Amino acid sequence: DAKTTQPTSMDCAEGRAANLPCNHSTISGNEYVYWYRQIHSQGPQYIIHGLKNNETNEMASLIITEDRKSSTLILPHATLRDTAVYYCIVFAGGTSYGKLTFGQGTILTVHP
Amino acid sequence: GAGVSQSPSNKVTEKGKDVELRCDPISGHTALYWYRQSLGQGLEFLIYFQGNSAPDKSGLPSDRFSAERTGGSVSTLTIQRTQQEDSAVYLCASSYSQGLDGYTFGSGTRLTVV
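Taken in order, these protein sequences are the chains called A and B. Residues 184 to 295 in the numbering used here are what the first sequence lists, from first letter to last. Residues 764 to 877 in the numbering used here are what the second sequence lists, from first letter to last.
No wet-lab data here; the hints were simulated from the structure. As the structure is a prediction and not an experimental result, all values here were calculated from the model. Glycine residues also receive a C-beta, built at the ideal position from the N, C-alpha and C atoms.
Label pairs and their computed distance ranges (CB to CB):
{"no.": "1", "chain 1": "A", "residue 1": "H294", "chain 2": "B", "residue 2": "G805", "range": "21 to 27 Å"}
{"no.": "2", "chain 1": "A", "residue 1": "N202", "chain 2": "B", "residue 2": "K780", "range": "43 to 49 Å"}
{"no.": "3", "chain 1": "A", "residue 1": "S211", "chain 2": "B", "residue 2": "K780", "range": "40 to 46 Å"}
{"no.": "4", "chain 1": "B", "residue 1": "E783", "chain 2": "A", "residue 2": "R264", "range": "30 to 36 Å"}
{"no.": "5", "chain 1": "A", "residue 1": "G198", "chain 2": "B", "residue 2": "S790", "range": "35 to 41 Å"}
{"no.": "6", "chain 1": "B", "residue 1": "S790", "chain 2": "A", "residue 2": "Q228", "range": "15 to 21 Å"}
{"no.": "7", "chain 1": "A", "residue 1": "P204", "chain 2": "B", "residue 2": "E848", "range": "29 to 35 Å"}
{"no.": "8", "chain 1": "B", "residue 1": "S801", "chain 2": "A", "residue 2": "Q228", "range": "16 to 22 Å"}
{"no.": "9", "chain 1": "B", "residue 1": "G834", "chain 2": "A", "residue 2": "N236", "range": "37 to 43 Å"}
Some chain A residues judged to face chain B by a derived CB distance under 10 Å, without partners named:
{"no.": "10", "residue": "Y217"}
{"no.": "11", "residue": "Q221"}
{"no.": "12", "residue": "Q225"}
{"no.": "13", "residue": "T284"}
{"no.": "14", "residue": "G288"}
Bound-form chain A, shown alone (with noise of 0.2 Å):
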């Protein structure tokens, strides 16, 4: 059961921002929204995660709505290195066990 709803793809310019939804209305109390991407070739590297309150760090911002049953990534300069697959995720952590669930992901083109 898929907890999460991404689109399968985007497009951006370089130098833009890059505005990747993802839509969880299940999402529970005690559940983080958590973000990753996959550069091909490569492991899933950690962006970012939030609980209910916007986010930003060196990589990216995390938006969530106040119902938190969407949140929005934004890079906010994309370059053509971002282009990869990005997953959004809802886990609980805490006293759950910290299994992952992945689902397809977005695939972003970051173009010049």
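Once you have looked at the hints, place chain B on chain A.
Frame of chain A; chain B shown alone:
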């Protein structure tokens, strides 16, 4: 080490042979995970180790698959009597405790069964 190390990076084996895949997690990470990724597919959970607790083996696809983690550090995933459908990239990840700080993945072992 600085990251999660997996070996070998590539493995080609004949159908019916046994293979062992190794994962060295980040020092101090108590949780270790194995995932499998087939061509063009998402990540499939295989097994999870957390400290001294019994591992969660719910993702292992058959009894030909087994894994162990010695001394709470290095882990070995063993596939017996390999089949062609076992061909995939096997990824290992580690994290502190329940992983709230995110997981660190290795680069994977690409297994090809011929």
